[in-house]
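Peer 1: Listed here are the chains, written in short residue letters.
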Amino acid sequence: MEFTAQQIAELLNGKVEGDKNAIVNTFSKIEEGKAGSLCFLANPKYTNYIYETEASVVLVNNDFEAQKPIKASLIRVEDAYKSIAILLDIYNQMTDKPKGIEKQSFIHKSAVIGKNIYVGAFAYIAKDVKIGNNVLIYPGVYIGNNVTIGDNCVFHPGVKIYHNTKIGNNCIIHSGSVIGADGFGFAPNNGEEFVKIAQIGNVIIEDNVELGALVTVDRATMGSTIIRKGVKLDNQNHIAHNVEIGENTVIAAQSGLAGTSKIGKNCMFGGQVGIGPHITIANGTKLSAQSGVPNNVLKEDSILMGAPAFDIRAYHRAYVHFKNLDDIVKRLENLEKKLKEK
Amino acid sequence: MEFTAQQIAELLNGKVEGDKNAIVNTFSKIEEGKAGSLCFLANPKYTNYIYETEASVVLVNNDFEAQKPIKASLIRVEDAYKSIAILLDIYNQMTDKPKGIEKQSFIHKSAVIGKNIYVGAFAYIAKDVKIGNNVLIYPGVYIGNNVTIGDNCVFHPGVKIYHNTKIGNNCIIHSGSVIGADGFGFAPNNGEEFVKIAQIGNVIIEDNVELGALVTVDRATMGSTIIRKGVKLDNQNHIAHNVEIGENTVIAAQSGLAGTSKIGKNCMFGGQVGIGPHITIANGTKLSAQSGVPNNVLKEDSILMGAPAFDIRAYHRAYVHFKNLDDIVKRLENLEKKLKEK
Amino acid sequence: MEFTAQQIAELLNGKVEGDKNAIVNTFSKIEEGKAGSLCFLANPKYTNYIYETEASVVLVNNDFEAQKPIKASLIRVEDAYKSIAILLDIYNQMTDKPKGIEKQSFIHKSAVIGKNIYVGAFAYIAKDVKIGNNVLIYPGVYIGNNVTIGDNCVFHPGVKIYHNTKIGNNCIIHSGSVIGADGFGFAPNNGEEFVKIAQIGNVIIEDNVELGALVTVDRATMGSTIIRKGVKLDNQNHIAHNVEIGENTVIAAQSGLAGTSKIGKNCMFGGQVGIGPHITIANGTKLSAQSGVPNNVLKEDSILMGAPAFDIRAYHRAYVHFKNLDDIVKRLENLEKKLKEK
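Chains as they are written, first to last, in the working numbering: chain S, 16 to 357; chain U, 16 to 357; chain R, 16 to 357.
Keep in mind the hints are simulated off the structure, nothing from the lab. Please note that a few of the clues may not be correct.
Identical chains blur together in the list; that is why a pair holds if it fits in one copy or across any two.
[Stated by the list, open to error] DSS-like mimics (lysine-lysine), calculated; alpha carbons at most 30 Å apart, straight line:
(1) K49 with K181
(2) K244 with K49
(3) K35 with K277
(4) K211 with K277
(5) K142 with K118
(6) K35 with K211
(7) K211 with K114
(8) K124 with K114
(9) K211 with K130
(10) K345 with K355
So that you can see chain S by itself, here it is in the shape it has in the complex:
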């Protein structure tokens, strides 16, 4: 498929600067642009590439000011990043989606399944499962007893959902993620052994949640582990039993939230963050990658770093001195010596 710069500008409510008839048939990053490709400039770090790119069309923000001549046609829009997102989504919608029930799947006779659904081969849908409309269940997915799933969800290959989990509408779960495994609960038994605490709760995932690949969300001991609407978790996150994550919170890869922690809404965590058990984190908290949080964060919109985490600017100042400790200690020794001499 081919589009002209003008056609795309109309779609995005933007304005062409340069050749309105420039034709594009693919996307590229600005640093890899070539004839026929459309790219975008949003991150100022990449501005230099716009003067060299071979791309035919570049989306830019309305306030972009060129410092040199540009070969490509520009399309000025309010928000170049959002505009490219719209175009990518349109492109993505045009790819074939699988449909129908493949023969080598297993669907328990008691399961209730909506309209326009795909169930791939080797997918397993257990007893008393309820699934809404327009749901894609890729090969090798397992959906345990009594799970309920809303409309428009996508379960990528090999996702495993344990019994009693409840999932809302418009959720996407990537390959290999495990929802509802037992929480890590053991009681010491007299001597040194540990005895398993049966985990009889479940997991609730609200609407518009996306979970990356190989994420684990454990079931609650009692009650529910809850992922509120709009939450986005990157790959390999671990969410322990009885955790609650507030609306629209976003967590980068490989972070771990210990049992019964309660994360506010609109939080943003970097990768490899660790949150201790029974910890409360206020709305809007931002945590730098690899931070560790063993205590409650009660002030909203805090920005923290370190393990244990504290104010990010204070951390950076302290870390400059840490790197410099060898010199600091020498200055101290020097003072001690001088004082002794006096």
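Fit chains U and R to the given chain S structure using the hints.
Peer 2: Showing chains U and R alone in chain S's frame:
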């Protein structure tokens, strides 16, 4: 099902305080108690909730002293946490367990399988596998050539067990975990390339071990990677080739043990801990979350923190000063200035 | 099978010292040697074991000098580690490899598959897939639409490959790894919600790459996430969208590379390392375990540690002072007191 406070007290060898005929039909956390629910109080952090809870019955320790009136019936027991564990287990036992061999599974004709076993659809049992009695093999599990498995084990959906692994009795492995993948062994080859070292050892898992979801335990290069009896590993742990973990050691989520490390018994590690290669850790060692251990820990029952990890109290003291380094350096500058003035 | 010391020496171009007719039929680690086993000594840390081992034959480097009598026959070779690698590989080659197409697999009629291939039960090969010769596809593997795979690859049970991924020759991917899941890309939408950015790029894996178990490599937003030839990634690594990893780079377990980071060739990273987004790491960089890198590393062959990471020797010096901060602050207080007294 419904039970009275008195019936439950008799089961737990406890004593009712309040209405002996109070009826419960479900469990809840104390902060979410409602009419008809049974909850427990073990962690003092939650004591305040007992005066407000709507739960009908609360299990408390014998030595609990109420500071205000309590609406719920109490059942006094020696250990409220253990007692709730017993009740949860009874409840859990009452749920249906799957049984029989589902048609869409694959069982090699040479495999020897015990009594009262479940093999779900899309599970694969390879050549010369030996499986004991009362084992649950959920859909999508893979069990490679020559694996042996004891009695009463549970393999949740999608667990993968490579060839030659040996697993004892009463083990539970959660979804997606991978046992016996090749250890990470490569030899530099003249220039810059690496050549794979074939990994011909195996994994041995003793009795009463529980592994969370998405755990990896690599096979030994030669010999065995060994998980001793009673070990409990949380989700997303990584156990490298030739590691040995001692009896009843417990490790929280996302920790990683490098090759040939040897962990003592009765250790407790927090989440996201890292242990270096060829490291020995003494019995009873406790590691705070995110600790890194590049050297042997020879003293038993050490409690360590940091990366590299050292005594936890010393770490906390040092960290207070670290947070304060900006001020400390100013004090140093101040002294330098004063001394210069003199 | 049995071999004499002499036969093995000839195979390795080595020289027997002791009984040329000593017979071995298995491998062992030197500390676990027993009659009939062959072991090797490469790491000097294990030298003491050679005087006690019950092994029948030990491979040693040509320059090894015995300090005491040794019971075992020695085979002197140029590089004992490489020699054992050769023997392990020969041993490994002798084990049966599965072959043929198992009936319970799914292969789309449009897929093009090479010679001498194994496709296990419950493996799924989608539309327009192209696979070379001598490829092993174990049970439960999923290969999405339009994936291309070269010769001599191995996909262990449960690997999931999303659409459009390209994989070269001689690659090994261990169980449960997920290649090509969506990159973690969301745009804030007016208020607090996030809108998914469609991820239309792919993953390219070049020749001779080995990925451990439960690794994730995300597809690019646009363009490709690229793993160059000879790269080796240990278990549970996370490689985000649009990352590029240079040739022969080796990364230990549980490390995470954020979006659009560009890693040089011949790098070595320890476990649990984190690399920030849009970061460039020069060729030959070595990172200590648990390091965090939020800034570009431009100098080749740097050896770094810490979070943020800096020169490893400087880190160790600073850390000694960090552990000692309590004492340093006391010395400072002491000086302040003395100066006041004067």
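Peer 1: What are the numbers of the hints that this structure violates, sorted from low to high?
Peer 2: The structure conflicts with hint 3 only, although it agrees with all the remaining ones.
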